[in-house]
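> Assemble chain B onto chain A, guided by the hints.
Chains as they are written, first to last, in this note's numbering: chain A, 484 to 690; chain B, 484 to 690.
Check the hints yourself; a few may be wrong.
As the list claims (entries may be wrong) - Reference excerpt, derived from the structure (chain B facing chain A, CB under 8 Å, subset only):
#, residue
1, GLY511
2, PRO543
3, LEU607
4, GLY633
5, ALA656
Stated by the list, open to error - Which bits of chain B does chain A cover? Going by a derived footprint, with three or more residues having C-beta under 8 Å, they are:
#, region
6, 500-507
7, 556-564
8, 612-619
Treat the hints as calculated values from the structure; they're not laboratory data.
Backbone N, C-alpha and C fix where the C-beta goes; we use that ideal spot for every residue, glycine too.
Number of protein chains: 2
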Amino acid sequence: MEIAIPLFDRFTALDAVGPYEVLSRIPGATVRFVASEPGPKRTDTRMLAIAADTSLAEAPEPEVLLVPGGPGTRDLMADGPILEWIRHAHGRSQWTTSVCTGSLLLGAAGVLDGLEATSHWLELKTLSRFGARPVERRVVEQGKVITAAGVSAGIDMALTLAARIAGEQVAQAIQLGIEYAPEPPFDAGSTRSAPSQIVELVGAAAN
Amino acid sequence: MEIAIPLFDRFTALDAVGPYEVLSRIPGATVRFVASEPGPKRTDTRMLAIAADTSLAEAPEPEVLLVPGGPGTRDLMADGPILEWIRHAHGRSQWTTSVCTGSLLLGAAGVLDGLEATSHWLELKTLSRFGARPVERRVVEQGKVITAAGVSAGIDMALTLAARIAGEQVAQAIQLGIEYAPEPPFDAGSTRSAPSQIVELVGAAAN
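The shape of chain A in the complex, shown without the other chains (with noise of 0.2 Å):
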């Protein structure tokens, strides 16, 4: 099965790495980093870069396409290579799914006209926009559209994916390999458990 993860400049690398690591682990599976032009893209931050092995030419018909989000899908709202690669890729998945902002790139490109969907908690209302029903759930499934809130949301939404893809049996298998029994030191990983003050720091940087 061959998954593809479209990469640009600015993405988030959780978004795309998350995932990845559960889905290259389905038995048969091949994951290929894509992008417009393949070299090395570099991450919001700019302190890391991973290299797009493939360009979006040589991947026109994935299985499954994951999107992976970032303050860099704010350039590629207008049409484009990418959005172009999404709408065709689309038509032919057996699975089209995206992490965090990269909802908004699927909503771009056509993919979810009256459909519910998630992505990021600062960016939820956007995806109005695009016709979408925004849906504040960690993992939205509407038949072969699967959408993830912010970053970290991406590991839950591949391992609820590879166990639609492979069974429920390794998709266990997987999340014990890389032993997902998550005890985050705080209970703020939402807007409805983080404390007012954290929710309103973090909503002021964004702004």
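Here is chain B on its own, set in the frame of chain A:
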């Protein structure tokens, strides 16, 4: 604050990128990916390459070192540039940390002698070879030395470390920023919770 993450052939991507995603968000922190020879380093699956931008020699005394794991650690257990670098850096560091089998490299460098430590569950016992006391916990703190269990445990460890470095408010803001309110679809992430046939399956595949 300078944080260095050494990379090597066949490391496990999430071991490094999970903590990077947390630690790079600490105000004033710089995360650098370092290697004996700078350049792209390919992960255990061979499907992903991350750039090591800096040589070990250019980053001899980071304030934080974070050593990821992966099958590639096996080739590094005999003394060599990475163990030498760990030993020297640990002598000056504020924090010396590892994820997954990265703790075996800390052990081989002599850092864990007499300390409690953890590792990927499949390699936990190996720690005793280095004079460490293996502990089946997700994050183990021993003074300035912090070790994390397998792969995804690095995210929990990095949030703990972020709180030590910059305070709980900053750590909570980072947790909310990466929306780390995990909801794994299965309860199979540790040997204590996973179905026994899954534990056997993963154990057998590793041998």
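> Please go over all the hints and tell whether each is borne out by the structure.
Here is what the structure says about each hint:
The interface hint given for GLY511(B) is violated, since its Cβ lies 13 Å from the closest Cβ of chain A, which is over the 8 Å cut-off. Proximity of PRO543(B) to chain A is violated relative to the hint, the smallest CB-CB distance being about 19 Å (cut-off 8 Å). Given the 8 Å rule on beta carbons, the hint for LEU607(B) is violated: about 11 Å separates it from the nearest Cβ of chain A. Interface restraint check for GLY633(B): the shortest CB-CB distance to chain A comes to about 3 Å, inside 8 Å, so the restraint holds.
The interface hint given for ALA656(B) is met, as the beta carbon of that residue sits about 5 Å from the closest beta carbon of chain A, less than 8 Å. With a cut-off of 8 Å between beta carbons, the region 500-507 of chain B has 5 residues touching chain A; three or more are needed, and the interface restraint holds. Counting residues of the region 556-564 of chain B whose CB lies closer than 8 Å to any CB of chain A gives 0, which falls below the minimum of 3, so the coverage claim is violated. Counting residues of the region 612-619 of chain B whose CB lies closer than 8 Å to any CB of chain A gives 0, so the stated coverage by that chain is violated, three being the minimum.
Checked against the numbered hints given earlier, this structure breaks hints 1, 2, 3, 7, 8; the rest are met.
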